[in-house]
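J.: Those protein sequence lines, which keep their order, are chains A and B.
Quick note: the first sequence uses the numbering used here, first residue 1, plus one each step.
Quick note: the second sequence uses the numbering used here, first residue 1001, plus one each step.
To be clear, the hints were calculated from the coordinates, so they are not data collected in a lab.
Computed from a predicted structure; not experimentally measured.
Cβ coordinates follow ideal geometry from the N, Cα and C atoms, glycine included.
Be a bit skeptical, because a hint or two may be false.
[Claimed, not checked] To give an idea of the interface, some chain B residues facing chain A are shown, with a C-beta separation under 7 Å as derived from the structure:
| hint | residue |
| --- | --- |
| 1 | Arg1045 |
| 2 | Gly1049 |
| 3 | Gly1058 |
| 4 | Glu1117 |
| 5 | Ile1118 |
| 6 | Ser1160 |
| 7 | Leu1161 |
| 8 | Ala1164 |
| 9 | Asp1167 |
| 10 | Gly1169 |
Residue strings, one per chain:
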Amino acid sequence: MTTNENIIELKHLTKKFEDGFLAVSDFNLEVKKGEFVTFLGPSGCGKTTTLRMIAGFDLPTEGQILLNGRDITKLPPYQRPINTVFQRYALFPHMNIYENIAFGLRQKKTKEDVIKKKVKKVLDLVDLEGFEGRSVQTLSGGQQQRIAIARALVNEPEILLLDEPLGALDLKMRKEMQLELKQMHDELGITFIYVTHDQEEALTMSDRIVVMSEGRIQQLGTPEDIYNEPKNAFVADFIGESNIFNGIMTGKLRARFCGGEFECVDDIDEGTHITAVVRPEDVEITPPEEGTIRGIVSSVIFKGMHYEITIESGKNEMVVRSVHSARPGDTVGMRVEPDNIHVMIAENHTNYFTAEINSDFRLEYNDKLLDTSLTKIIKGSRRTEDGTLLDGSGDAIDPRKTRILVSIQPQDIIMTDHVEEGLVEGNIRNLIYKGDHYSYVIHTDLEQDFIVDDEYLWNMDDHVGLIMPVEKMTFQLKK
Amino acid sequence: MPVFGLTRKSLRIPYVLFLAVFVVAPLFVLIYYAFTNGSGQPTMRNLTGFFTDPNTLGTLCYSFAIAFVCTLVCLLIAYPTAYILANSGFRHKSVLLMIFILPMWINFSLRITALKEILTMIEGNLAMYPFFNAVLGMTYDFLPFMILPIYNTLSKLDPSLIEAAKDLGADETQAFFRVTLPLSVPGIISGISMVFLPSMTNYVVLDMLYNSTYIMGSLIGSYFAAYNWHGGSMIALILLAIICLFTLVTESYTEEDSKGIGGAML
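Produce the entire structure from the sequences given, and follow the hints as far as they go.
T.: Next up, the structure:
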């Protein structure tokens, strides 16, 4: 159903709230007529704000929204041929189902007999025939969601906006509705713009996915593109499961990461800092002597279709998905086919490392504690009076053993001669003068490379400690 | 489960006692006096007398009129106030609300006395505008009781409902009349029931404003002052019946309406 005609164009869309929070910045997107586009990202990434600007509930600070080439940036919501399905359905509690669905048609002064026909038709579409006289309160969550969809669709909008519409449903219901929504989209030919934080939902339903983080588009592409060719470490980590390593190119089509040298297919200049991504299902476990790198199996979890095996190689950790089991404590080799290694230039040189929440509910790396609170690490979480940790949706969680992906910028790491003061220590392996500072590669005792910017000159092979201020770190839950 | 050796049963004893002494017993005394005459004989004269005496009927109508106007004025002032309060972007809404509720914390006789002084300054002779003064005094006294429940319903209103209305083609005004107003009816009704009934009987406000007109409360007062306990009890009983009727009607309406958005009562 997709045509080449752009139905909506977002140009340099920026939203800064009154409190100074930059929710969306320089957002550019063109959506084709009939497309199913999903905004995907963690909470607070700006996806809902972008949707609200398209709907007209929020006005952009800068930028333009074009609908069929016409500027609608400042048009109020009731003048836009766009309808929204709200996260919590937002059905009118003082009206029955018929009146709820008829609301939009009545605004357009549609004749009663036409309204009756259209309501009946759209109720058929969402599989709730004969629900006209029911009141909202008597419906289950799934039924209310269907009514919300019907109420939007009955107006025959040019674009249907869906704001995490399945978020409040249970898993089985959600799967069912995903398929039905996709089917509806195919049948009706209406453009869908869908917001979700659920990567699987996005991959299943969309024609194209916009991965967002901190108000910016991280990657825009088809589900296949985004899964197979993530553009940066954020996308790689957010979509599917992945092993992410900092590394460096050591030769033509050769990259060093995770304590070994791998062949790869991405042609990047020697000496370039890279981020390497390896999907768990792409790692092959071999006898120790045949692997590119070796490691010790630390845990094996049976997952039904496969085993999830965690292997420690030095202090790097590789998660492997395999149909064959392994025994914890065994030494194994690991091999990855060159075209299964996705190498990206580490454009911002962000350092990533994995820390773990220990049994005392403290974040730990290299046997040292990171002084921060769990509510800061796990977004949306809070503590109750008795100390239980609740996640964003209010469910109690036990964070122990949870692995946290910590990122820190090169300029935020401080090098010191007093190695014991650092979070981790290592040797300077590489240094490049970058005009106003030096960029160092420090190979730590945990077999990881850190990139550090410093204005002073240190010597090659100096043994240094790396001080990392906790307030400069960002945290992300590893799935 | 007993706590400190008390069972559920023993915990409710003081409550039952309180009810018996201060609610049930006075009610029976009231009924007894209403249907007896001076010599203790059962009679319906008090009842028929009320509905045949043009003076009492006139007072009833006058009370209704004052209560009606007072409620209407309260509603007209309170709704926009509550609406603005609930929708203000001001971070500390509760502070704004407090400013409107603050008069409730000052002793009511002090407030009315102050009002009397101001009115005397403006009008000279207070007896010139009895109806106006009665409505003004009661509005001043009861306004917070109208603002609070309306504010409560409005502030609990899910903003996405208004957004949904606009999304479906309603402009600001249409969204207000089709969604906000109908959904705030429970608040309006509890506001009305908290203003209308007291303003029919609260004659203390009138007395303090040197108001010589009679409302139901003053009528009862005058019967008792003249030692006609039987007539006074009957009027009190009739008022009680009116209040019961009113509450039944409004309650059934609010219950039906508040299912979706929670109770509006404080």
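J.: Now tell me if each hint is right for this structure.
T.: Hints, one by one, checked against the model:
Among the interface hints, the one on arginine 1045(B) is violated; its C-beta lies about 48 Å from the nearest C-beta in chain A, farther than the 7 Å criterion. Interface restraint check: glycine 1049(B) against chain A, minimum CB-CB distance 46 Å, threshold 7 Å, status violated. A hinted interface residue such as glycine 1058(B) counts as satisfied when its beta carbon comes closer than 7 Å to some beta carbon of chain A; here the least separation is about 40 Å, so the hint is violated. A least Cβ separation of about 45 Å between glutamate 1117(B) and chain A goes past the 7 Å threshold, and the interface hint is therefore violated.
The interface hint given for isoleucine 1118(B) is broken, as the beta carbon of that residue sits about 41 Å from the closest beta carbon of chain A, more than 7 Å. Interface restraint check for serine 1160(B): the shortest CB-CB distance to chain A comes to about 4 Å, inside 7 Å, so the restraint holds. Taking 7 Å as the C-beta cut-off, the interface hint given for leucine 1161(B) holds, the closest approach to chain A being about 5 Å. Annotation: alanine 1164(B) was flagged as interfacial toward chain A, and the flag holds, the nearest CB pair being 4 Å apart, inside 7 Å.
Taking 7 Å as the C-beta contact cut-off toward chain A, the hint placing aspartate 1167(B) at the interface holds, the least distance being around 5 Å. Checking glycine 1169(B) against chain A: minimum C-beta separation of about 4 Å stays under 7 Å; hint holds.
Hint compliance for this structure: hints 1, 2, 3, 4 and 5 are broken, all remaining hints hold.
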